[in-house]
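According to our numbering, the sequence shown is numbered sequentially starting from 67.
The hints are simulated quantities; they were obtained by calculation from the structure and are not laboratory data. Certain hints may be false.
[To be verified] Label-pair restraints from in silico Cβ distances:
#1 Leu-164 <-> Ser-124: 41 to 49 Å
#2 Ala-140 <-> Gly-168: 21 to 29 Å
#3 Lys-150 <-> Lys-189: 30 to 38 Å
#4 Glu-178 <-> Gly-136: 30 to 38 Å
For every residue, glycine included, the Cβ atom is placed at its ideal position computed from N, Cα and C.
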Amino acid sequence: MTSGIATPKKRRKVKIDFTVFSYYSDFLRFIMNVKYSPSAIVIENSNLQASVFNYKASKSVLAKIARNVGQNQACSQITIDLCKELFIDSEIHDISPLDKGGKWNHERFVMECMERNHAYDVKSNQDQRDAYKLALIGLKDDSGVYWGIDPSFRNKGMVLCQIIVDGNV
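Using the sequences provided together with the hints, build the complete structure.
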């Protein structure tokens, strides 16, 4: 039996938190000391991208690009393997950069956060926006903590985005 009166849906409290790790060892120290299991962890895995990029550059530039790609692939796979080992109660997904989708600029990030009522307090950079997109892929409609990990070291380091729903941690 219903009363005929619409009750508004309770608005969830959702916070976005970014952590940037300058060195992979910083990330390892962090992850080894986490005292909770995230509801879901989504990690960008560049190993899943089959594309080979054709760069027209000098041998030294191509060698540097190859080293960077190799470093990112290694970080991706180690991060996935480590999360699967440490967080057995978490849903863990690895996705290719292509499956993550196109890049968002800051304005798109702000719009996406506003539409979802997600609170943040930083001006985002591209790696943070990528990590946020990854966390959104794992986000369910219930409470919990959802991680998105961009394991590349393109700019300032590896980025972990935590979407914290209803203050859980």
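Q: Go through the numbered hints given earlier and state which of them the structure violates, listing their numbers in rising order.
A: Hint 1 alone not satisfied by this model.
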